[in-house]
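Those protein sequences? They're chains A and B, same order as listed. Residues in the first sequence are numbered from 204 upward in steps of one, following the numbering used here. Residues in the second sequence are numbered from 31 upward in steps of one, following the numbering used here.
Incorrect hints may appear among the rest.
[Stated by the list, open to error] Chain B is faced by these chain A residues, among others (derived, beta-carbon under 8 Å):
1. Asp234
2. Thr253
3. Lys333
Think of the hints as simulated: they come from the structure by calculation, not from any bench. The structure presented is a predicted model; accordingly, all values stated were derived computationally and were not measured. Every residue, glycine too, gets a C-beta built ideally from N, C-alpha and C.
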Amino acid sequence: MDFTRRETLALAAGAALLTVLPFRAFAAVDDLIAEFTGGAETGEGGLELTAPEIAENGNTVPIAVSAPGAVAISIYAAGNPAPPVGVFKFGPLAASQNASTRIRLAGTQDVIAVAQMADGSFVRTSKTVKVTIGGCGG
Amino acid sequence: MISRRDFLQVSMAASAMLGASGFGNWSRLAAQQRLTQDQLLEFDTFGNVSLIHVTDIHAQMKPIFFREPSVNIGVGENRGAVPHLTGADFRRAYGIEDGSASHYALSSGDFSALAGAYGRVGGLDRVATVINSIRAARPDALLLDGGDTWHGSYTCFQTQGQDMVNVMNALKPDAMTFHWEFTLGSERVHEIVEGLPFAALGQNIFDAEWDEPAELFPPYKFFERGGTKIAVIGQAFPYMPIANPGWLFPEYSFGIRDAHMQTMVDEVRAQGAELVVCLSHNGFDVDKKMAGVVTGIDVILSGHTHDALPEPVLVNDTIIVASGSNGKFVSRVDLDVRDGHMLGFRHKLIPIFSDVITPDPEIATLIEAERAPFKSQLEEVIGQSESLLYRRGNFNGSWDDLICDALLSEGEAEIALSPGVRWGPSILPGQDITREDIWNVTSMTYPNAYRTEMTGEFLKVVLEDVGDNIFNPDPYYQQGGDMVRVGGMGYRIDITKPQGSRISDMTLLKTGEAIDPARNYVVAGWASVNEGTEGPPIWDVVENHIRAKGSVAVEPNTSVQVVGG
């Protein structure tokens, strides 16, 4: 549980946000992904997205992507007001195709990664990251 | 040719049939009311390796009463599966006779009457006797502590965990992992861990800034026992900075990190490990899921969710052992490991009946020495209880009802919130409540009882959020506690629904009116994970309340309507 006199106001504001915005993949995210893939179908496999199941701090969530043979990996936070997180591009001399960063998540939502492979095909994966107000450990 | 998996299953079935687990024996003996130490410890030493598991002791050095839950609902794939069987369902599943010692030790129902017949459980001096007896049969047995050890009592709080460190060190564990220990604050944890004469393990304890394994907590340790190379991998509680105040240990990050676990298992196997043991504080359902995801773990010694299971649960080729809490049980697991394979096991969950097992004199003396400076504080009688006070249960426990009553009356609040933790011994009807008893259910390093205002809408968000931490169908999203306890307000919960639509019919009990989402309510609570929470420590609030009443009684709690259980 997460409520002190001091921070209740801030939390209540956050909670209001939580209830107003349904943090699911907006249609806009699919449009953004289509922009990245040029409308091509996305397959599965060969792309690994590492993210915590439950974020320790929604303001700075460590994530990592890895897709051997990829030329670019694009990341989206489907439930954020601005879903695009960034695109990692890997040149022909890149020793490995993986990257890690920290992102801010406005609430529980899917983090989506799409990789463009060397042959021009695309693969997609996603993971639900829960942002909780915290609680009561056994 | 019998496959390894078949062998394990056959061997487990045989164990159950022959009563090698000791399980059938307890029931019979109990019916005869003739429980002896020899019978409790009886075990035909098997194979070449012995593991001794203790976990979630929560600083209970002395014998106590501890009632197991009557409500512990499983969701998703774990619906109706152990450890989510309680009371008579649990007894039927394991063939335990009603009224037997096993009934009393392992399940709820008739608790007060059986407690009168069978007495207290636990006590680290008795645990020591059991450990010594196992070591007499197998001198190189591994003793593994699953954590939640340096937390949970008056003396543990006053000594910042030192009393438990001293007593546990005397039991000579070989390795340990962690949860509530970190709520002592990272500085104190560093101080203790740097001086520990055994391994402090956690493959999922990471440096928060660099997201790299923390140096002070190695992922695993090798042991050479019974001619076998054993790797013990530690798994600390994954959600520490979420379920507990992260500001107390800001340097650390946790998480399940099952991919890293797989890497560690592969690494120890490559280094020649013939037996891989995971000493885990994941909680049972998380361990079950992890055992299906990570390959190559032979034994998971499971802690955190306080389940006591008389037989291991098998997931693929991994056996999962759950050893209860509060010093009530010791698990012994004997293994036959040959040529890098676990070929069979024999297991016994040994209940520590305090009146049956002779205390080890050396440890008993040590415990008394730790308690001596605080004796008068510990023993002061604050009041009496007319009711059975217990904590375990998904939605409420009578101890928590009493704590919520104290928050409501001492804080002049409309609604009270109390954390759904699973530690804390029970008090029998007619028993005195001492200061020690109050601390046993409240002791923590963030005890401040706050008083604040919350809107009805925010209260729903809180209940939905905590509810999802327990009833999310994916165990990896569960934190392993119970539902936040609520005083002064009733609600309905449909546990099968997704987050946001589980909670309905929130009602202010005082007036019977529906909770107004827009109205502010005066709320009192404790154990906030936020830094700077103001208010008196909860133990003072509860002590004042009990002292004022003299004798306390708790009516059955009917304020939570559960659907889908």
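Legend entry - List of violated hint numbers, smallest to largest: Violated: hint 1 alone.
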